[in-house]
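J.: As a plain string of letters, each chain reads:
Number of protein chains: 2
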Amino acid sequence: MSLSEFELIQHFFANSGAQRADVTLGVGDDCAILAMPTGKELVVSIDTLVESVHFFKDTDPERLGYKSLAVNLSDLAAMGARPAWATLALTLPSVDEDWLAAFCRGFSQLATAYGVQLIGGDTTKGPLNISIQVHGFVDIGTALRRDGAQLGDVIYVTGRLGDAGLALQNVGGMDTSAAAQSRLDRPIPRLAEGQALVGVANAAIDISDGLLSDLGHICQASGVGATLYMDNLPCSQAVHDHIKVNDDWSLPLSAGDDYELCVTIPPEKRAEAEQRAVNFECGLTQIGRIEAAPGIRCLRANGQQLQPPSSGYEHFSS
Amino acid sequence: MSLSEFELIQHFFANSGAQRADVTLGVGDDCAILAMPTGKELVVSIDTLVESVHFFKDTDPERLGYKSLAVNLSDLAAMGARPAWATLALTLPSVDEDWLAAFCRGFSQLATAYGVQLIGGDTTKGPLNISIQVHGFVDIGTALRRDGAQLGDVIYVTGRLGDAGLALQNVGGMDTSAAAQSRLDRPIPRLAEGQALVGVANAAIDISDGLLSDLGHICQASGVGATLYMDNLPCSQAVHDHIKVNDDWSLPLSAGDDYELCVTIPPEKRAEAEQRAVNFECGLTQIGRIEAAPGIRCLRANGQQLQPPSSGYEHFSS
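Protein chains in written order, with this note's numbering: chain B, 121 to 438; chain E, 121 to 438.
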């Protein structure tokens with residue numbers, strides 16, 4: 121069977137996900153045409169997933185469709201944005217309709233859940249490569265950024281850290297819980313949490329490469345440093361056990377793939393933030409403090425300072 | 121040398137091209153933040169270029185940077201849009217700073233020329249893959265679309281057809297003129313022309329896959345057919361010679377890569393359109409007419425009807 125690029129996009133992806141009133145023209149022309157709300161800024165992010173780098177060969181395409189969109193929506197969450205539209209540039213080695221249908225199912229499930237409409241795309245032949253751009257809105261001037269952290273801010277994270285790394289370590293093994301595996305395969309973009317923290321957080325980032333690396337980006341952009349209270353890090357029992365048995369903190373600190381939010385909140389807004397977080401199913405945990413001294417210090421409750429494991433995942437490190 | 125993904129993007133691409141007042145936050149955070157004009161709609165398009173499919177291995181990276189953006193801007197031109205922002209998702213087999221610098225040079229040259237700012241991107245490791253999304257604006261309700269062609273519309277194209285195909289046929293040969301080669305390597309997005317045709321054209325598309333294929337998209341979307349007057353097709357002397365010697369019309373009809381605009385204009389607006397086109401350096405040529413009968417007929421001046429060559433390039437055709 122032969123399907124042109126055009127038919128491919130039309131057939132599998134035409135306006136997947138939510139159907140939005142602000143989409144004047146979706147998939148199928150040279151461009152999509154979109155109505156823009158007043159009083160808002162547009163926030164956009166593009167991310168690529170590559171086979172054998174970001175996911176294993178023969179990864180279940182439905183999971184891949186879900187996760188590809190999830191990691192992009194996580195970037196919108198880190199800005200406190202409300203998601204709206206997505207585009208998909210998909211490079212595939214061959215036309216496999218079952219694969220495409222499954223990928224689209226995973227993508228659309230998440231898109232529908234978060235009110236995102238697929239408005240355009242491109243489908244080309246080549247080694248598997250998935251680029252997704254997401255678009256959302258924030259009230260003008262309210263977006264959470266990396267560069268807003270202030271001395272004395274308290275550092276918080278949503279959810280728990282290290283489960284995705286645990287699942288990744290144990291790929292093919294028998295000792296990964298379904299819960300940890302789900303955290304790796306189906307991360308939950310913290311969109312409601314990010315939106316709820318607008319107005320109280322000074323800075324935010326999503327934890328894709330690991331807490332140390334991503335908090336490091338906040339520190340670098342804001343010209344500050346930080347101390348992390350290691351015994352406060354929110355971890356599952358399985359991750360706690362791993363740390364204890366191996367004396368290895370890399371899962372919560374640098375394994376990455378958690379897609380939780382790390383935010384910094386000024387002391388005078390802590391009460392307000394914690395009040396708002398009462399509604400967070402995933403929780404919001406205080407894990408450290410922003411300081412003047414550059415770098416990130418990892419402090420145990422007993423006063424011991426850990427040598428941090430090597431920094432987060434870097435795609436081109438040698 | 122080792123460069124993280126983050127540093128890579130920052131170093132080579134940070135806010136390349138024009139510097140725009142509507143970019144609140146460009147490259148470097150989880151998302152870019154953008155101010156939106158009032159009274160406009162946003163138009164967006166994403167396109168991918170893959171090595172060995174869209175360009176040859178070892179293509180000069182400066183040319184590639186230029187062309188990658190040019191083919192995307194051509195999509196904005198086809199909507200009559202004014203370009204604003206671009207994002208770049210770049211997958212590279214390795215970090216080659218010379219390659220990146222040259223790619224960025226080509227990209228930035230064109231971006232600066234058309235007032236486009238690079239606002240975000242992602243750099244990942246893998247087989248070479250270039251996805252670019254462009255963003256532009258149109259006055260609300262004025263975008264040129266594929267689905268607006270009406271019975272009796274006159275079909276026009278900008279510029280000349282077939283030179284890019286000629287250069288592509290002769291890759292490595294000695295008989296390609298510099299002019300034809302330039303049309304292949306450095307297509308000129310017809311942005312001013314597209315904007316000038318807003319209000320007079322009923323439908324528009326850019327010719328990336330070949331006139332027959334792309335006019336076919338207009339016909340399909342609009343529920344019409346067309347006749348092309350073959351002897352009116354605007355071609356260079358080299359392309360005319362090729363047609364005559366080989367009795368082969370594939371260069372102007374289906375070779376693609378021309379990135380000219382094909383528009384349909386109602387008879388009562390022809391005078392106005394041709395008046396506006398006086399300023400088109402590339403020219404605007406009448407080549408056919410929209411009709412009720414489905415399909416596209418290729419008519420010679422002597423009344424003979426050509427059997428059209430196989431349709432335009434389709435990435436997954438077998």
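Treat the hints with care, since some could be wrong.
Unchecked claim - In silico lysine-lysine, DSSO-like type, Cα no more than 30 Å apart, as pairs:
#	chain 1	residue 1	chain 2	residue 2
1	E	K177	E	K245
2	E	K160	E	K389
3	B	K245	E	K245
4	B	K177	E	K245
5	B	K160	B	K389
6	E	K245	B	K160
7	B	K177	B	K245
8	E	K160	B	K177
9	B	K245	E	K177
Simulated from the structure, these hints should not be mistaken for lab results.
J.: Taking 30 Å as the top limit, are the C-alpha atoms of B:K160 and B:K389 close enough?
T.: holds, 24 Å
J.: Just to be careful, I want the Cα atoms of E:K245 and B:K160 compared with a cutoff of 30 Å; is the pair within it?
T.: violated, 35 Å
J.: Does the structure keep B:K245 and E:K245 at a Cα separation of 30 Å or less?
T.: Answer holds: B:K245 to E:K245 is near 18 Å, not above 30 Å.
J.: Against the 30 Å threshold, does the CA-CA distance of E:K160 and E:K389 hold or violate the hint?
T.: The hint holds at about 24 Å.
J.: Take the C-alpha atoms of B:K177 and E:K245, compute the straight-line distance between them, and say whether it is at most 30 Å.
T.: holds, 15 Å
J.: Holds or violated: are the alpha carbons of B:K245 and E:K177 at most 30 Å from each other?
T.: holds, 15 Å
J.: Does E:K160 pair with B:K177 here, judged by a C-alpha cut-off of 30 Å?
T.: violated, 43 Å
J.: Between the alpha carbons of B:K177 and B:K245, is the straight-line distance 30 Å or under?
T.: holds, 17 Å
J.: Hinted pair, alpha-carbon criterion (30 Å max): E:K177, E:K245. Please report holds or violated.
T.: Judged against 30 Å, a Cα distance of about 17 Å means the pair holds.
In this structure, the earlier hints numbered 6 and 8 are contradicted, and the remaining ones agree with it.
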